[in-house]
Amino acid sequence: MRSLIRAKESVVLLMFIVVFAAFAVTTDRFASVDNLLNIARQYSELAVVAVGLTMIIITGGIDISVGSIVGLSSITLGVLAGQMHMNVWAACAAAMAVGLLCGTLNGLVITKLGVQPIVATLAMMSAARGLAFVLSGARSLADFPDSFVGLGQTEVGPVPFIGYIPLSVCLALLLAVCGFVLLRFTSLGRMIHAVGFSEEATRLSGIGVVKVKVFAYSLTGLLCGLGGIMMTARVASSVPDAGNGFEFEAITAVVMGGSSLRGGEGSIIGTMIGVAVMGILRNGLNLRGVPNTWQVLFLGAMLILAVLADNLRVWMRSRLESRQQALEPSKAEA
Amino acid sequence: MKSSRTLAMVCAAIIVLAAIFAINGCTRRTTKPTTTTTVTKPTSTKHKRKIVFVMKLIGIPYTNVCEEGMKKAAKELGIEAEFLGPSTGGDTIQQISIIEDQISRGVDAIVISPNDDKAVIPVIQKAMNKGIKVFTWDSDAPKSKRIFYVAAADDIGIGEIVIDRVAKEIGGKGKVALMTGSPNALNLSLHVQGVEKGVKKYPGITLVKPYIYNDDDQQKAIQGAITLLQKNPDLAAFACVNSPGVPGAARALIQTGKDKKIKIWGLSIPSENRDYIKQGIVNGLTIWDPGKLTYVTTKLVNDYLDGKKPRDGMEMAGVGKLKVSPTGVIIMPGLIITKENVDQFNF
Numbered sequence: 010m011r012s013l014i015r016a017k018e019s020v021v022l023l024m025f026i027v028v029f030a031a032f033a034v035t036t037d038r039f040a041s042v043d044n045l046l047n048i049a050r051q052y053s054e055l056a057v058v059a060v061g062l063t064m065i066i067i068t069g070g071i072d073i074s075v076g077s078i079v080g081l082s083s084i085t086l087g088v089l090a091g092q093m094h095m096n097v098w099a100a101c102a103a104a105m106a107v108g109l110l111c112g113t114l115n116g117l118v119i120t121k122l123g124v125q126p127i128v129a130t131l132a133m134m135s136a137a138r139g140l141a142f143v144l145s146g147a148r149s150l151a152d153f154p155d156s157f158v159g160l161g162q163t164e165v166g167p168v169p170f171i172g173y174i175p176l177s178v179c180l181a182l183l184l185a186v187c188g189f190v191l192l193r194f195t196s197l198g199r200m201i202h203a204v205g206f207s208e209e210a211t212r213l214s215g216i217g218v219v220k221v222k223v224f225a226y227s228l229t230g231l232l233c234g235l236g237g238i239m240m241t242a243r244v245a246s247s248v249p250d251a252g253n254g255f256e257f258e259a260i261t262a263v264v265m266g267g268s269s270l271r272g273g274e275g276s277i278i279g280t281m282i283g284v285a286v287m288g289i290l291r292n293g294l295n296l297r298g299v300p301n302t303w304q305v306l307f308l309g310a311m312l313i314l315a316v317l318a319d320n321l322r323v324w325m326r327s328r329l330e331s332r333q334q335a336l337e338p339s340k341a342e343a
Numbered sequence: 015m016k017s018s019r020t021l022a023m024v025c026a027a028i029i030v031l032a033a034i035f036a037i038n039g040c041t042r043r044t045t046k047p048t049t050t051t052t053v054t055k056p057t058s059t060k061h062k063r064k065i066v067f068v069m070k071l072i073g074i075p076y077t078n079v080c081e082e083g084m085k086k087a088a089k090e091l092g093i094e095a096e097f098l099g100p101s102t103g104g105d106t107i108q109q110i111s112i113i114e115d116q117i118s119r120g121v122d123a124i125v126i127s128p129n130d131d132k133a134v135i136p137v138i139q140k141a142m143n144k145g146i147k148v149f150t151w152d153s154d155a156p157k158s159k160r161i162f163y164v165a166a167a168d169d170i171g172i173g174e175i176v177i178d179r180v181a182k183e184i185g186g187k188g189k190v191a192l193m194t195g196s197p198n199a200l201n202l203s204l205h206v207q208g209v210e211k212g213v214k215k216y217p218g219i220t221l222v223k224p225y226i227y228n229d230d231d232q233q234k235a236i237q238g239a240i241t242l243l244q245k246n247p248d249l250a251a252f253a254c255v256n257s258p259g260v261p262g263a264a265r266a267l268i269q270t271g272k273d274k275k276i277k278i279w280g281l282s283i284p285s286e287n288r289d290y291i292k293q294g295i296v297n298g299l300t301i302w303d304p305g306k307l308t309y310v311t312t313k314l315v316n317d318y319l320d321g322k323k324p325r326d327g328m329e330m331a332g333v334g335k336l337k338v339s340p341t342g343v344i345i346m347p348g349l350i351i352t353k354e355n356v357d358q359f360n361f
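Chains as they are written, first to last, in the working numbering: chain Z, 10 to 343; chain L, 15 to 361.
Certain hints may be false.
[To be verified] Simulated restraints on C-beta separations:
id	chain 1	residue 1	chain 2	residue 2	range
1	Z	A106	L	G92	53 to 59 angstroms
2	L	I268	Z	Y173	56 to 62 angstroms
3	L	P340	Z	V165	41 to 47 angstroms
Simulated from the structure, these hints should not be mistaken for lab results. All C-beta atoms, glycine included, are put in the ideal place defined by N, C-alpha and C.
The following block holds chain Z by itself, in its conformation from the complex (with noise of 0.2 angstroms):
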């Protein structure tokens, strides 16, 4: 009981288990193998991009540039290789170069020019949305060898009882391992969760706060850039709107996996758990035919319920600890 207060994956675990339950029970094949496989399919860039979010909102900081970067990579990959008939990976490593880009500038606005960070992503959100616009003359570019948009449809296998498992989820699922292997055992990871939690003593422990936060926002940056290269394989076309909204469910997904949007505290499996929230949630009520209107309402209802959740869980850790306390002095009579 108290390790599952404690436990920060504790509440979006409930979730996941009553949600997908929910849906395998009154949803037709909703929990077919077929279809879970779709879903991990789909929501693959969103995990990419919410990995870095992560560190990012660890440590104390928002970027909602996420779903813009995404769209700017997507087309930088679209015109090199589409239009301009670059070799198609050289174009990848630019896309990947340009969301690098986005995501330092991102960070050095924040440290260097002290902009907060939630109107400095702002900004960025609307130029890189804008930049892809202007540079796809706002069209959707298609003209991709078959060895890029193959890889799109690339498939990993076959494993036990999975069958084929998509190249996109294998690769998702590896840099949230790295993701996580980052943030619990290098002394990085530390100092992300130090800058997070009090900006103030890191500093002056003589942690250079500035690198560590252009850092998670370089990263987050890279990582968009990945993830418009994947949904750009994904779907065979690069698209100037590309991650649409990817900042409202990263941001869920990061939020309802039990990161603190306080900093300090957060974690990668909470938030692969998150996205997989999000993932089957628009899955069921899609399969259910539910009209996209009433889901955003009910994305948006999970987003308040994950953060009262939260809330209740950091009283009841904070109720528990203070009882123990008070029990602690009898124990030691005893």
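Knowing the structure of chain Z, use the given hints to seat chain L on it.
Chain L in isolation, oriented as in the chain Z frame:
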């Protein structure tokens, strides 16, 4: 001690889950009619045919009328039909996800109005590979494997009609603003091509560049029109080729006090413009009946699933003769709406 507590916790969780299922089960039945648009007719217990329409955007008057037409046809045919689509304009990726989810669901047919004619090609291929019949209506994806496309009107022809009417209204000379929706939608770019082709007949008319892109959003349409009016005080007319464009331009003219001085012609639906047309702010509309378009599409798709293919010149009740081209494009006859006849149309 500790393990018994964990056990109690697990039991509690299971009870809560069971309760949630029970509630979910009950509310599902009562809320279904309000949250979905399923039209069912209790006939037999065997598998009922299911057709899903995936629009570019749902929740705007134009698409609501489409949905009504679909419901009417589904009721007459005794089949299930649903109307889905993204809730924000221009969301290509979301539209593809919705289509993919319908493939997983295993419906009989998917009818799409693609947001982007190229981006839907792989997903249409995927559906056809799984044995699901795919059609387009309202907007086409000509390079895809779709079976046929039901067009409201000749897409280029509509643009030509709009610019011809505008030219007549302003006496063949002056600056004309062109307003459209998302630049990726094929039907809209064909309307724009039609305007560009038609304007060559009138050397006195210049189209103001860049065009206004309103993303099917009324607010953006008003803003875009106001901005353009500030830059071009000598504007003679608006030519609009998507449905929020006409009322958007009308409101922009009212807000800037230029109504009735600048003409408006365009593609839009009568119900959104009835008052503007009667007051003379909007000079006229060219339109098809989107309800009838979707009604006819539902019937043609159902016929196809029954093994009956559409034929050129076939008569459709209440609509007229349909033109069917060898490339699988089916065209319905269009309408012209002005002050004189606006009250005859109730959509």
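Hints, verified against the model:
no. : hint                                : in the structure
1   : Z:A106 x L:G92: 53 to 59 angstroms  : 57 angstroms, holds
2   : L:I268 x Z:Y173: 56 to 62 angstroms : 59 angstroms, holds
3   : L:P340 x Z:V165: 41 to 47 angstroms : 43 angstroms, holds
No hint from the list above goes unmet by this structure.
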